[in-house]
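Residue numbers (this note's numbering), protein chains in the order written: chain U, 1 to 262; chain C, 1 to 272.
Watch out, some of these pointers could steer you wrong.
[Claimed, not checked] Taking lysine to any residue pairs in the SDA-like style, the calculated list, with each CA pair at most 20 Å apart, reads:
| hint | chain 1 | residue 1 | chain 2 | residue 2 |
| --- | --- | --- | --- | --- |
| 1 | C | K119 | U | K199 |
| 2 | U | K160 | C | R101 |
| 3 | U | K160 | C | K174 |
| 4 | C | K90 | U | P180 |
| 5 | U | K252 | U | A242 |
| 6 | C | K119 | U | A130 |
| 7 | U | K160 | C | Q216 |
| 8 | C | K119 | U | K72 |
| 9 | C | K119 | U | I11 |
| 10 | C | K174 | C | K90 |
| 11 | C | K90 | U | A9 |
| 12 | U | K160 | C | L241 |
| 13 | C | K119 | U | A9 |
| 14 | U | K252 | C | R53 |
| 15 | C | K90 | U | A130 |
| 16 | C | K174 | C | H122 |
| 17 | U | K72 | U | T154 |
| 18 | U | K160 | C | A92 |
| 19 | C | K119 | U | A242 |
| 20 | U | K72 | U | A130 |
| 21 | C | K90 | C | R101 |
| 22 | U | K160 | U | A127 |
[Claimed, not checked] A few chain U positions that, by computed beta-carbon distances, are all more than 10 Å from chain C:
| hint | residue |
| --- | --- |
| 23 | G18 |
| 24 | S24 |
| 25 | D41 |
| 26 | L42 |
| 27 | A52 |
| 28 | A63 |
| 29 | A79 |
| 30 | Q158 |
| 31 | V162 |
| 32 | A165 |
| 33 | Y166 |
| 34 | P169 |
| 35 | V177 |
| 36 | E244 |
| 37 | W258 |
[Unchecked claim] One side only, chain C facing chain U, incomplete, derived with CB under 8 Å:
| hint | residue |
| --- | --- |
| 38 | A56 |
| 39 | L76 |
| 40 | F120 |
Source of the hints: derived by calculation from the structure; they are not laboratory data. The beta carbon of each residue, even a glycine, is placed where N, CA and C say it ideally should be.
Below, each chain spelled out in residue letters.
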Amino acid sequence: MKLLRAWFAGIPAYLWSGWGALASLFMFLALWDWGSQIYGDLVLPSPLATFAQLGALVDAGAAWPELAVTAKRALIGFALSLAVGSVLGLLAGLSMTASMMSRPIVTVLVGMPPIAWLVLALLWFGAGDATPVFTVFIACFPIVFVGALQGARTLDGQLKDVARAYRLPLRMTLSDVYLPHVVSYLFPAWIAALGMSWKIVVMAELLATPDGVGAALAVSRAHLDTAASMAWIAAVVGLLLAVEYLVLEPIKREVEGWRTAQ
Amino acid sequence: MTLRVAGLGRRFGLADVLADIDLELPAGESVALVGPSGCGKTTLLNLIAGLDRPSAGRIDNGYARPACVFQQPRLLPWQTTLDNIALGLKAAGMARRERERRAAAMGLRLGLADADLDKFPHQLSGGMQSRVALARAFVLEPDLLLLDEPFSALDVGLKAELYALLLGEIAARKASLLTITHDLMEAVRLSDRILMMAPAPGRIVGEYRLERPRGQRDEGWIYRTTAAFMDEPAVRAGFGLPGQGGGAAAADGGSVVALASASAAGRTKGRA
C-alpha cells in the first residue's frame, strides 16, 4: 500500500525530527534543575532526585501496579466516550435539527468543570472504579462528540455527486468517500480525548479511590514527600508522552498522509 | 444509443429553473449548451447525469456508459492520483492490478508524469488536477461524456492541449459529447451543434449547426465562426450584449443563417 510505503520512507525524517523535541525537553529539565537549586529539594526536588525516587518506586514494585490500575480506568472511560461520542456525534451530524439542538447541550458539557462531575460521581457511585471511569467518560464525551458532529456535517455534497456519477456502490461510497473524511475529523478528537482522560483519571483517583496513581499522589502529599509526588507526576507525564509520540503520532501521520505528505 | 430529453422542467421551490427543454443527442454527436451564468445549464447537466430528479418531462438516456467531468476537479483528497483515476473502474468491480494498469496508462496519455501517479491531489497543480479528472472519465471508455465547464479555470495553453486530447478521445471512440460552457469559442471548437440557453426560466432559444467537421477546423475558422456566432440576435440577447449584430442577418422562426464565410450554417428554432 502506497500510504504505508510513504510512511516507512518518512520514519528516518520523523526520528530525526525527534532531536528537536529532545532538545526542548532537556531545556525544560535544565530549567527545572535551576528552580530546584534556588528553592531547595523540599519545595522542588531536582530532576535527578525525582528520577531516582521513581527508580526506587519501580524497584520496590510499587509503580507498575498503580500505573496499570490508573491506565485501566482511563482507558475504559476513554473507550466508552469514544464509542458513545462517535456514534451519537455522527448521528447528530446527519440531521440538521439534531446538530442544532445538541450544540447548547455540548456547550454546557464542555463548560462543566470536571471536578463538579467528580463530586456528583462520588455521590452517585461512591469510592470505587466507577467514579473515575465515569468522570473520564463525561469529560471526554463532548470532545469526541463535537469531532464526530463536525465530520458528519462537513461531508462534501460535491464528492457525494462524484460518488453517484461514477456509480459507486454503497459500500464503496462509505469506505472511499465518507469514512476517510469522517476519520480526518474524528481522529484528532480521539487524541485530544485520550490526553484529557489521562489527566482526569489522576484527579478523580486523588479524591475517590484507595489505589492508582492519584491515590499514591494523595498519600505522598499527606507525608509531605515532595520527591515521591514529583516521581509519580513524572511517571504519568512520561507515559502520556510515550503513548503520544510512539503510538498516536505515527498512526496520525499515516491516517492523514494525504493531508501532510510533502 | 441516443439521449432524448422531452418537455423537461425543474423547479426549486417557487422558481422555475428549467422549463420545457427538448434535446436529442444521437451517438457520436457533440453538442454544446451555451448561455449566461444562472441560466440552468448545470441543473440540466445534473438532471441528465442522474444527480437530480426532474419536476416535469422525461429523460431517456440510451447510453450505457456515461461519464461526468465537473466544473472543479472534485478528486478524493485522501486518494492518490492513480486511485482517483481508477475510481470508476473500482466501482465497476475491476481487479486492482488491471484497473491500476489502465489508470496509469490513461494518466500518462493525458500528460501526467510517472511520479504524479503516487501524489495526492493537493500536491498537484490545478492543471494537473484537471487532467486527473479527465483521466478519471476517459478511463471508463464512456460512450457519452458530460462536461460542465471543466476548462474554465485553466490558462489558454493548457486549454488548447486538453481540447486536443478531448477531441482525439471522443473521435477515437465515436463517443458523444455534451459540453456546458459560457465560453463561445470553446463551444465552436468542440461541438457539431450549439444550443443557446436563456435564463428565467432556463430554456433553449436557439440552435446552430457547425458544418465543418471537428477535425478540419483551424484557428482562423474558429475565430471567424465565433465572431459570427456572437452576432446572432439570440446570442446577443441571451448574454445581454448591447446593440444589434452587424454582419449576420437577423434570424427568426427556422430560417437558415450562415455562421462564418459560408462554411457553417445555423438554424434558429423560434420559441414563444
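Going down the list of hints, with the structure as the test:
no.: 1; hint: C:K119 / U:K199; verdict: 39 Å, violated
no.: 2; hint: U:K160 / C:R101; verdict: 26 Å, violated
no.: 3; hint: U:K160 / C:K174; verdict: 29 Å, violated
no.: 4; hint: C:K90 / U:P180; verdict: 17 Å, holds
no.: 5; hint: U:K252 / U:A242; verdict: 15 Å, holds
no.: 6; hint: C:K119 / U:A130; verdict: 48 Å, violated
no.: 7; hint: U:K160 / C:Q216; verdict: 39 Å, violated
no.: 8; hint: C:K119 / U:K72; verdict: 41 Å, violated
no.: 9; hint: C:K119 / U:I11; verdict: 18 Å, holds
no.: 10; hint: C:K174 / C:K90; verdict: 24 Å, violated
no.: 11; hint: C:K90 / U:A9; verdict: 27 Å, violated
no.: 12; hint: U:K160 / C:L241; verdict: 37 Å, violated
no.: 13; hint: C:K119 / U:A9; verdict: 14 Å, holds
no.: 14; hint: U:K252 / C:R53; verdict: 40 Å, violated
no.: 15; hint: C:K90 / U:A130; verdict: 48 Å, violated
no.: 16; hint: C:K174 / C:H122; verdict: 34 Å, violated
no.: 17; hint: U:K72 / U:T154; verdict: 34 Å, violated
no.: 18; hint: U:K160 / C:A92; verdict: 17 Å, holds
no.: 19; hint: C:K119 / U:A242; verdict: 31 Å, violated
no.: 20; hint: U:K72 / U:A130; verdict: 12 Å, holds
no.: 21; hint: C:K90 / C:R101; verdict: 12 Å, holds
no.: 22; hint: U:K160 / U:A127; verdict: 50 Å, violated
no.: 23; hint: G18; verdict: 25 Å, holds
no.: 24; hint: S24; verdict: 29 Å, holds
no.: 25; hint: D41; verdict: 53 Å, holds
no.: 26; hint: L42; verdict: 54 Å, holds
no.: 27; hint: A52; verdict: 48 Å, holds
no.: 28; hint: A63; verdict: 41 Å, holds
no.: 29; hint: A79; verdict: 26 Å, holds
no.: 30; hint: Q158; verdict: 5 Å, violated
no.: 31; hint: V162; verdict: 5 Å, violated
no.: 32; hint: A165; verdict: 4 Å, violated
no.: 33; hint: Y166; verdict: 4 Å, violated
no.: 34; hint: P169; verdict: 6 Å, violated
no.: 35; hint: V177; verdict: 7 Å, violated
no.: 36; hint: E244; verdict: 23 Å, holds
no.: 37; hint: W258; verdict: 4 Å, violated
no.: 38; hint: A56; verdict: 22 Å, violated
no.: 39; hint: L76; verdict: 7 Å, holds
no.: 40; hint: F120; verdict: 5 Å, holds
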